[in-house]
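Residue numbers (this note's numbering), protein chains in the order written: chain A, 34 to 190; chain B, 34 to 190; chain C, 34 to 190; chain D, 34 to 190.
I should point out that these hints are in silico values taken from the structure, not numbers from a laboratory. Note that CB positions come from ideal geometry on N, CA and C, so glycine has one too. Just to be clear, a hint being listed does not mean it is correct.
Short, incomplete list of chain A residues facing chain B, as computed with Cβ under 10 Å [unchecked claim]: (1) Tyr48; (2) Arg56; (3) Trp58; (4) Ala72; (5) Ala75; (6) Phe89; (7) Glu103; (8) Asp116; (9) Trp119.
In silico negatives: residues of chain B with every beta carbon more than 12 Å from chain A [as the list claims (entries may be wrong)]: (10) Tyr48; (11) Leu82; (12) Val85; (13) Gly86; (14) Gln105; (15) Gln115; (16) Ala157; (17) Gly166; (18) Gln174; (19) Arg187.
Label-pair restraints from in silico Cβ distances [unchecked claim]: (20) Ala177(D) to His40(B): 21 to 27 Å; (21) Val91(D) to Ala148(C): 21 to 27 Å; (22) Leu73(B) to Ala75(A): 16 to 22 Å; (23) Arg164(D) to Val91(A): 22 to 28 Å; (24) Gly145(C) to Gly145(D): 27 to 33 Å; (25) Ala121(B) to Asp77(D): 46 to 52 Å.
4 protein chains.
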Amino acid sequence: MSESAAHPDTAVTDYLAERQCARQWRGFLRALAAEFAEALPAADLRALLRRVGARFAVEAPLPALQTLDELQDAFSRVWLAQDWGWVALAQQADHVAIRHEATPLVAAFGPGSEAWAGGFLEGAYQHWFDRQGAPGLQVRQAGAPDRWGGFAFRLGR
Amino acid sequence: MSESAAHPDTAVTDYLAERQCARQWRGFLRALAAEFAEALPAADLRALLRRVGARFAVEAPLPALQTLDELQDAFSRVWLAQDWGWVALAQQADHVAIRHEATPLVAAFGPGSEAWAGGFLEGAYQHWFDRQGAPGLQVRQAGAPDRWGGFAFRLGR
Amino acid sequence: MSESAAHPDTAVTDYLAERQCARQWRGFLRALAAEFAEALPAADLRALLRRVGARFAVEAPLPALQTLDELQDAFSRVWLAQDWGWVALAQQADHVAIRHEATPLVAAFGPGSEAWAGGFLEGAYQHWFDRQGAPGLQVRQAGAPDRWGGFAFRLGR
Amino acid sequence: MSESAAHPDTAVTDYLAERQCARQWRGFLRALAAEFAEALPAADLRALLRRVGARFAVEAPLPALQTLDELQDAFSRVWLAQDWGWVALAQQADHVAIRHEATPLVAAFGPGSEAWAGGFLEGAYQHWFDRQGAPGLQVRQAGAPDRWGGFAFRLGR
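Based on the provided sequences and hints, a complete structural model is requested.
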């Protein structure tokens, strides 16, 4: 394998990014996102996606876990098994940083969805952390996703 | 290959039916369907899915075609390319019968979605037939889908 | 969902059977099978596939397990995670019956591969049973696969 | 979407590269490659893969085309439809440069396969060019593939 290139060139990166969303649902989800964006404000869409994410997490229950590392592994197993990337958790002074790489959300919902697509992950993490017994802690998105569906969240007050 | 069995047994059929929806979106779409079903009446969901289907068809434009056979082939090429089955068109006395087999809609949205999931296909076919110049003709679903995502529609007055 | 049909009709069954093999490798694997079949006798191909299966199992090691049920679940987790169906084990008087349903092998390698494709599974099961401490027991295919990639094996002397 | 990063970071790039090969066949193809590499010298493997590639192209016949652009588009349609990337052709002084980006071959066959995996593409292009009527011209790989399955070939004397 050539060691000359550390990164694929732009066309390859764009191709790999587009392929992050399974071919079967690309057209459907793009059309759904366009319809959503016309019908509802971003805040309502984010709230809708949060509810969908919570329902997703209900169907993917986790056992009670003792450490952030165990939790990170349990989350990542769920995501990796369905080609939704993986997550890293890091304890900070006043919050837990949640970094989820390589979701298919940006590929699926396209440009314009940055303001609301992350609601799905927010809702899922909120439900899972609530069930682990973290009452009063909120999951909130921290900044815009990157082009490869990477999202940052914070769990805190 | 064994010639003893004309059909797979029930467990295999159920497995193949579930796999009709790509793994990556199964959990998301099930959760979305559950949220939709709680938030909106079936008629509103069907209307929403019709609009989504129309948007899908806008993004998959077809050339002007002369015969039902050509149209059937053009439709099927779109669907087969994304693992959404295929369609057969048949001229009847007062309508065109549209039979679309093996969509992933039933696998994706699950039991309870029969009343509205077909709206997506209705909206797509309506848009495509309108663009072929069939003014005043309506696409309407004819009966419930089967377990493998097969849907019947009629194009007529 | 319509309850009228217990089985999909033949065209749908054929479509679902073909889709058992991921689109990305269908053409490659068909061409590989044709080349194999021309170059080597079936017995040599089966032996080759057994070695490939053993290598596969080496890369998917299982913990030591106490019961056939645990083993069946561990096997099935490996297979289901990659859309290779699932397996059932049953203790018989003088052997363990291994029934593996819905592999993509028949869809991938096509007609003509029945005599050798199952070697892959034979090799994988042989390695896994050996590692569980079943010295001297052989995994042997019992009969031809069905059209949906279902294979039967026996573990015995 | 964040505009801060032109490239995904290394872990994301590695993840996307691994996902270039469909999950269903990753384990099988890795094991096959390991068995191949132990049983045969690289030159024999390349020759085997060339024959497989030729068979693949026989099953994906192209019409007679007039220009390199038409040929490039016809090739790319075949590859894109099965998530094998795309190809660019460029007329040079004494050869046609063939640049095929983003195949799943490197992800599938892994490190060590660089010396032979490209034989598949060589065999396919050779067959297609022969059928277009380019007698006496040979397709030969030009250099090692990159990490994302990008290969270069030359068609010439």
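Against the structure, the hints come out as follows:
no.	hint	result
1	Tyr48	violated (17 Å)
2	Arg56	holds (5 Å)
3	Trp58	holds (5 Å)
4	Ala72	holds (8 Å)
5	Ala75	violated (17 Å)
6	Phe89	holds (4 Å)
7	Glu103	violated (22 Å)
8	Asp116	holds (5 Å)
9	Trp119	violated (14 Å)
10	Tyr48	holds (17 Å)
11	Leu82	violated (9 Å)
12	Val85	violated (5 Å)
13	Gly86	violated (7 Å)
14	Gln105	holds (19 Å)
15	Gln115	violated (5 Å)
16	Ala157	violated (9 Å)
17	Gly166	holds (23 Å)
18	Gln174	holds (18 Å)
19	Arg187	holds (23 Å)
20	Ala177(D) to His40(B): 21 to 27 Å	violated (49 Å)
21	Val91(D) to Ala148(C): 21 to 27 Å	holds (23 Å)
22	Leu73(B) to Ala75(A): 16 to 22 Å	holds (20 Å)
23	Arg164(D) to Val91(A): 22 to 28 Å	violated (56 Å)
24	Gly145(C) to Gly145(D): 27 to 33 Å	holds (30 Å)
25	Ala121(B) to Asp77(D): 46 to 52 Å	holds (48 Å)
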